[in-house]
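J.: Here are the chains, one letter per residue:
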Amino acid sequence: MSTIEQEMVHTVEGGHHDHHELPFIRKYIFATDHKMIAKQFMFVSLFFLVIGGLLAAMMRWQLGFPNQPMPGGSILPDAMMAPTPSGAIMLPEFYNSLLTMHGTIMIFFAIMPLLVGLFGNLLIPLQIGAEDMAFPRLNMISFWLAVPAGILMLVSFAVEGGAAGAGWTSYAPLSASGEFTGVYLGQQLWLVSLTTIGFSSLVGAVNYISTVINMRAPGMTWFRMPLSTWALFITAILVLLAIPILAGALIMLLFDQTIGTGFFRPEVGGEPLLWQHLFWFFGHPEVYILILPAMGIASEVISNRARKPIFGYHSMVLALISIGFLGWIVWGHHMFMSGMNPLLGTSFMISTMAIAVPSAIKTFNWMATVWKGDLHLDSPMLYALAFVSMFIIGGLSGIFMASTPVDIYIHDTYFIVAHLHYVLFGGSLFAIFAGITFWYPKMFGRMMNERINKVHFAFTFVLYNLVFWPMHNLGLQGMMRRIYDFTQYEYLVPLQPMNRFISICVFLLVATQALYAFNFFWSMFRGEKAGNNPWDSNTLEWTVPSPPPHGNFPEIPVVYRGPYEYSSPESDTDFLPQTTPPRKPAVQQWIPEPVTPTPEGF
Amino acid sequence: MTTQAMTAGRVPMPGMKVYNLKLGMWVFLLSEVMFFTGLIGSYIILRFAHPEHFANPGEVLNVNLTAINTFLLICSSVTMVKAYAAIQQGDQQGLKKWLLFTILMGASFVGVQVYEYIQLVGEGFVPMAELYAAGEAHGELIGGPLYGATFYTMTGFHGTHVSIGVGCLCFTYWRAAKGEYTADSLGGVEIMGLYWHFVDLVWIILFTIVYLI
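Keeping their order, the protein sequence lines are chains A and B. As numbered in the working numbering, residues 1 to 602 make up the first sequence, in order. As numbered in the working numbering, residues 1 to 213 make up the second sequence, in order.
Keep in mind the hints are simulated off the structure, nothing from the lab. It is possible that some hints are incorrect.
[Unchecked claim] Restraint-style ranges between C-beta atoms, simulated for each label pair:
no.	chain 1	residue 1	chain 2	residue 2	range
1	B	Thr208	A	Ile259	23 to 29 Å
2	B	Val18	A	Ile321	17 to 23 Å
3	B	Val81	A	Pro547	46 to 52 Å
4	B	Gly124	A	Ile25	50 to 56 Å
5	A	Glu179	B	Glu140	25 to 31 Å
6	A	Asp574	B	Val81	56 to 62 Å
7	A	Pro23	B	Leu30	35 to 41 Å
8	B	Asn62	A	Ile259	21 to 27 Å
9	B	Pro51	A	Phe364	50 to 56 Å
C-beta atoms are modelled at their ideal positions from N, C-alpha and C, and glycine is treated no differently.
I would like the entire structure built from these sequences, with the hints used as guidance.
T.: Okay, here's the thing in structure tokens:
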């Protein structure tokens, strides 16, 4: 047997029999345990979430108080701020960097690693009854590729010319030559950083897919898997197939910038529209990468806190699969204004609207789950319900954009900004709050403080809507997105008070997040101790101690039932863990002989 | 473990009858397919959109040399199969012999490709569109700006994959020399073979699209 394999077997068995302490560096730094990697992803991406929020706040200063000195702006270098006697005023180039980096950091370094890196790593092995991922070392590599990518992204603020400024979509030719944005090295660092984190996600996806297919415990059939694991599995497939397209496009753009090829540069014969096609062929599946895990988390929390089986489990799974599939044939709806054959535009419009069907199935199923449930309105449930309601608003405004004639009017306005934040912040981020709060006891063995979380929820929910709802109006009145100083247009000057109102709400919204941050760290040490199963949940992760030991399960569990059998007449309590054997022996069915996949030599 | 319940036939056993490494390699190769699809798709789109920036392959490329190189790579796939077949029989000497052949042919492929690149650049076929745009100042250039860029990107990434494959083959050979593979433990050889055949397959497609059509 190979040394690697011996070591792997040893680590796995270590959890079962001789549970010995790993050295510090193997336990906390170069960890191979999926739960530790999940926590690493969580801390790093929460850090980036804060950075992304601060970048947004700086942008909102410029929009709320155009061309006025920014408080504290004088500590920033002259490349970002123009010093004046009364204080430092933001430069337009820096504003471009801010909007680019806010989008990039939030999507690739906050939301995506939180949903996929944190919840994928934490939940998949625990919920399917595996002792770890299929490839623990690969998992470690995945995290340690994400860290240098994040560092590169942050460093790009400090290099000559500043950070990338062509928007998170980096449309060519704007992004292809430094002369247009004044950003040379920053844009290249952006490309290298994204390629690196893309590779990190790819490695993770290979791991998640293999784990879900091959590592399920006995009895954990496909349709007994919790919806969160289902969602993460579909997401992993999207990551696996979408990221390589992005990687190819990023590398071509990098060649355009460094060695002077002309893929996307029209002045030397290239095709800028090709970038848009490649980017959105990746980008639209990416949109579902950012929302499917959130849907899974919400399903989990809502079913549990309503103490009812999820309404239509199979239709939930099929909706996930069909969203995952339809996501591949709609990318053109980002490009209605790029000069497209109207017939082609119409077909993209129809396929886009078709996605409303599975999305609506999921939404109605959540509502039917809540209907007449034994509602426990504690903080995870509140966040999850916020997810559903905000997703409805974001989804409905999505229909506006999907229809070509309407999109022509609202394209690249604040209506788009409002829509994407309703699904990404109101949707994904609220689900992340729900998920972190819900699985916090499993991660740290203690509950988060309920009262602080409720205050945080109330303020975040109200302020969030005060920020993003008016943006629909701004967009309809013609305010374009990514604009440094909208007051230069006379017809937009009347929007100044509304913008100032939004900005003040953003500052309060960012400040409110300190409550959650405080609660997060305070509860780690002072929170109420949680037992194995504080939420009376059915799924496998709640059968093991909080936090679970190395190797997760004392012995591989056997699964007898689906994950959402709440308030079942079969049970005296209102829940029925998946490991509970049926009371009456099931009718004898013919089931093929068990085959255990035996690992062969590396 | 409650093996009783399982042997009683009431608990279905999930999972495929494939070990993790092999499944992981297949999944990884799926993403590789998408990567090359992106590159090849871009090539097709650019070539149809801008035929004026593309020369006829036969006028620029040395198709005969590359045809021989293609044959070499296909042969290396055969020797890889022979290596796998040998270890299936428990023949460690045979494994080493065929792996060595595979390594030599893979390395020769990369060598010929480097020689081809040097020749082509010498003749004035370069990826830098700027040089084409600048005109005669940079000497006689052939092929076309987009042709150069797509050609070197596609074949370059394929060459990188072959080079990585040769590196992994050397690692496999080193493990084989230590006698770590047996008829019961040959996963490493098998996934190596999967990757190698994939790289070979990509080359057959690239050769057809870039050199022949």
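J.: Next, verify each hint and record whether it holds.
T.: To see whether the hints hold, each was checked on the structure:
1. Thr208(B) to Ile259(A): 23 to 29 Å: The hint (23 to 29 Å, Cβ to Cβ) holds, given that Thr208(B) and Ile259(A) are roughly 27 Å apart.
2. Val18(B) to Ile321(A): 17 to 23 Å: With a Cβ separation near 22 Å, Val18(B) and Ile321(A) satisfy 17 to 23 Å, so the hint holds.
3. Val81(B) to Pro547(A): 46 to 52 Å: 48 Å, holds
4. Gly124(B) to Ile25(A): 50 to 56 Å: 54 Å, holds
5. Glu179(A) to Glu140(B): 25 to 31 Å: For Glu140(B) against Glu179(A), whose Cβ atoms are near 28 Å apart, the range 25 to 31 Å holds.
6. Asp574(A) to Val81(B): 56 to 62 Å: Distance hint for Asp574(A), Val81(B) holds at roughly 59 Å.
7. Pro23(A) to Leu30(B): 35 to 41 Å: 36 Å, holds
8. Asn62(B) to Ile259(A): 21 to 27 Å: Cβ of Asn62(B) to Cβ of Ile259(A): about 23 Å, so the range 21 to 27 Å holds.
9. Pro51(B) to Phe364(A): 50 to 56 Å: At roughly 51 Å between Cβ atoms, Phe364(A) and Pro51(B) fall inside 50 to 56 Å, so the hint holds.
Of the hints listed earlier, there is not a single one the structure fails to meet.
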